[in-house]
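Respectively, the protein sequence lines represent chains Y and R.
For what it's worth, the working numbering labels the leading residue of the first sequence as 1, then goes sequentially.
For what it's worth, the working numbering labels the leading residue of the second sequence as 311, then goes sequentially.
Keep in mind that the hints were calculated from the coordinates and are not lab data.
Keep in mind that a hint or two might mislead.
Coverage of chain Y stretches by chain R, computed from C-beta distances (three or more under 8 angstroms per stretch; other residues unrestricted) [stated by the list, open to error]:
1) 92-99
2) 104-116
3) 124-136
4) 146-158
5) 162-174
Computed spacing ranges between beta-carbons, pair by pair [said to hold, decoys possible]:
6) R:Glu365 with Y:Pro299: 53 to 63 angstroms
7) Y:Lys12 with R:Arg491: 30 to 40 angstroms
8) R:Asn487 with Y:Arg183: 51 to 61 angstroms
9) Y:Phe176 with R:Ser362: 40 to 50 angstroms
If you're wondering where the values come from, they're calculated on a predicted model, not measured in any experiment.
We treat Cβ as the ideally placed atom computed from N, Cα and C, and that holds for glycine.
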Amino acid sequence: MSETIVIAEIVKGAVHPTTSELITAANALGSQPTVIVPCADASVADGAAQFSGSAKVIAAKSDVFSNYDAAGWAAALDAVAPAGVLITSASPQSKDLAARLAARRGISVVQDVVKIEGGNLTSPIYSGKAMQTVSLTGDAVVSVRPNVFDSSGSGGSGDVSVVDTTGNVATAVQEFMARASTRLDVAEANIIVSGGRGMGSPANFSHLEAIADTIGAAVGASRAAVDTWDEIPHSMQVGQTGKTVNPNLYIAVGISGAIQHLAGMRSSKYIVAINKDADAPIFQHADYGIVATWEEALPVLQSSLASMMS
Amino acid sequence: MANIIVLVKQVPDTNARIVLSGDRVDLSAVKKVMSPYDEFAVETALQHRDSSGGEVTAITVGGAGADKVLKDAKAIGVDNIVRIDCDAEIDSNALQTLLAAAVSSLGADVVYCGKSAADTGAGSTGPGLAERLGWSSVSNTTSVSFGDQLSVVTPASGGNARVNVPLPAVVSCDKGNMKVRKPNVKGIMQAKKAKVEVHSADVPASTISIVSHSMPPAKPAGKSYQGGAAAAEVAQLLRDEANVI
Chain Y
1 MSETIVIAEI
11 VKGAVHPTTS
21 ELITAANALG
31 SQPTVIVPCA
41 DASVADGAAQ
51 FSGSAKVIAA
61 KSDVFSNYDA
71 AGWAAALDAV
81 APAGVLITSA
91 SPQSKDLAAR
101 LAARRGISVV
111 QDVVKIEGGN
121 LTSPIYSGKA
131 MQTVSLTGDA
141 VVSVRPNVFD
151 SSGSGGSGDV
161 SVVDTTGNVA
171 TAVQEFMARA
181 STRLDVAEAN
191 IIVSGGRGMG
201 SPANFSHLEA
211 IADTIGAAVG
221 ASRAAVDTWD
231 EIPHSMQVGQ
241 TGKTVNPNLY
251 IAVGISGAIQ
261 HLAGMRSSKY
271 IVAINKDADA
281 PIFQHADYGI
291 VATWEEALPV
301 LQSSLASMMS
Chain R
311 MANIIVLVKQ
321 VPDTNARIVL
331 SGDRVDLSAV
341 KKVMSPYDEF
351 AVETALQHRD
361 SSGGEVTAIT
371 VGGAGADKVL
381 KDAKAIGVDN
391 IVRIDCDAEI
401 DSNALQTLLA
411 AAVSSLGADV
421 VYCGKSAADT
431 GAGSTGPGLA
441 ERLGWSSVSN
451 TTSVSFGDQL
461 SVVTPASGGN
471 ARVNVPLPAV
481 VSCDKGNMKV
491 RKPNVKGIMQ
501 AKKAKVEVHS
511 ADVPASTISI
521 VSHSMPPAKP
531 AGKSYQGGAA
541 AAEVAQLLRD
551 EANVI
């Protein structure tokens with residue numbers, strides 16, 4: 001097997017824990033990876049040096065990494081990374097980077113990998129309605145879904161070498177618009193509380209928001225809810241034509257489980273379904289299914305979670 | 311006047327059930343449609359033309375069966391339709407090489423595409439094409455304004471960023487608040503008569519090959535409860551059994 005290189009996942013200027021899952025994925029490909037940390041300040045790389053399973057950690061230091069720019073990041077990382085199989089997270093930003101890096105090297109990219117076995121890579125296709133397993137001949141860039149591989153654990157040497165790099169940045173951020181609420185976006189959250197048309201009205205989403213705020217979750221919605229109510233924006237939509245998510249916990253309330261919704265959330269680690277219709281397809285995918293109206297179930301869920309969190 | 315290209319892809323209807331035949335997906339009974347995000351790319355391309363003048367050319371890669379997606383784009387209002395003739399299973403490197411050659415030979419100020427295709431969900435084509443062309447790119451845009459450079463809105467950690475993108479550029483489009491225009495009778499008639507410009511392709515070798523397709527692993531049956539009071543027990547299990555709270 002050729003050399004593996006992990007590009008550390010950076011969220012809000014720090015190394016994200018999913019980086020250790022990328023190291024596990026590299027180990028599954030049969031080698032101890034070089035971990036490259038894109039950063040403007042080399043101390044950020046200390047966050048990656050604690051993970052075990054890697055051969056070495058390099059802080060790729062450049063002002064380019066202050067803001068995300070696909071072209072600039074790809075150029076600066078390409079200059080630092082040796083040849084081999086490059087591994088990134090499958091977050092939206094890192095998938096974009098993976099595609100840029102692969103194209104820069106004239107190699108192929110395999111996105112959203114959820115399984116590595118015998119050198120073959122498996123990813124969901126048709127938003128998870130089927131799986132595709134591919135083999136690599138030669139170098140490639142591979143993005144790995146978060147929350148799928150185990151962490152490689154801590155116990156790394158802590159050693160970091162620093163390499164200065166640079167790239168041309170073409171795009172320019174004019175303005176940052178923070179979300180009005182402090183609630184996470186469904187694409188970023190580890191827990192998602194989603195509502196469907198069964199919620200009856202957009203105003204009733206306030207009950208989902210209350211639960212989300214209790215446990216630090218994002219609020220999502222089905223396509224039916226987004227299409228029916230103008231108050232529910234497309235940015236909340238989970239499903240094949242919305243966002244594909246795989247949080248640790250997905251709570252579906254008043255969502256029947258249309259095939260295109262299932263496609264976007266079925267890979268969630270745990271699924272709770274609350275629906276008054278016992279025959280709703282969502283129950284076939286739920287780890288915990290509650291046949292009840294949301295009016296009955298949500299106040300109980302809210303108070304139980306609140307007392308656990310306090 | 312802008313020379314605008316939009317990339318479109320034919321995919322199985324997103325409501326279709328996907329079945330296997332042996333160890334490969336069998337799409338023979340499945341209706342094919344334009345990938346939903348490509349509809350937003352077409353709409354953005356047409357808005358760009360409405361704003362600055364010029365022409366929109368839709369490109370797809372595929373066999374003769376893919377002409378339909380081009381006719382659909384024509385019916386909505388694109389000016390020219392081009393198919394790069396390639397019916398083989400190819401990897402991202404081969405695909406982007408074909409597209410980069412076509413965009414270079416046609417010439418363009420901007421290329422729009424969907425943020426990902428509904429079949430692979432990969433989202434590699436836009437940024438990969440831009441890198442090959444040496445252009446700037448921005449992905450997952452929810453709003454695009456047109457001028458000497460583009461001003462787009464794209465997700466950033468904790469919110470959204472308004473970003474200036476110099477041309478030439480490749481823009482991968484998300485839905486945002488966009489309403490896409492529908493084909494009218496005149497458009498449909500024009501699309502029927504329109505001729506697809508077919509480019510022959512020198513297809514590079516792929517280094518990634520498909521080993522097999524399979525169904526997602528079945529989930530073991532979960533626990534089920536009657537009545538809202540059970541939510542208290544479920545909450546406790548989420549902490550004690552699932553360890554997710």
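Structure-based check of each hint:
no.	hint	verdict
1	92-99	holds (count 6)
2	104-116	holds (count 8)
3	124-136	holds (count 13)
4	146-158	violated (count 0)
5	162-174	holds (count 5)
6	R:Glu365 with Y:Pro299: 53 to 63 angstroms	holds, 58 angstroms
7	Y:Lys12 with R:Arg491: 30 to 40 angstroms	holds, 39 angstroms
8	R:Asn487 with Y:Arg183: 51 to 61 angstroms	violated, 20 angstroms
9	Y:Phe176 with R:Ser362: 40 to 50 angstroms	violated, 27 angstroms
Going through the hint list in order, the structure does not satisfy hints 4, 8, 9.
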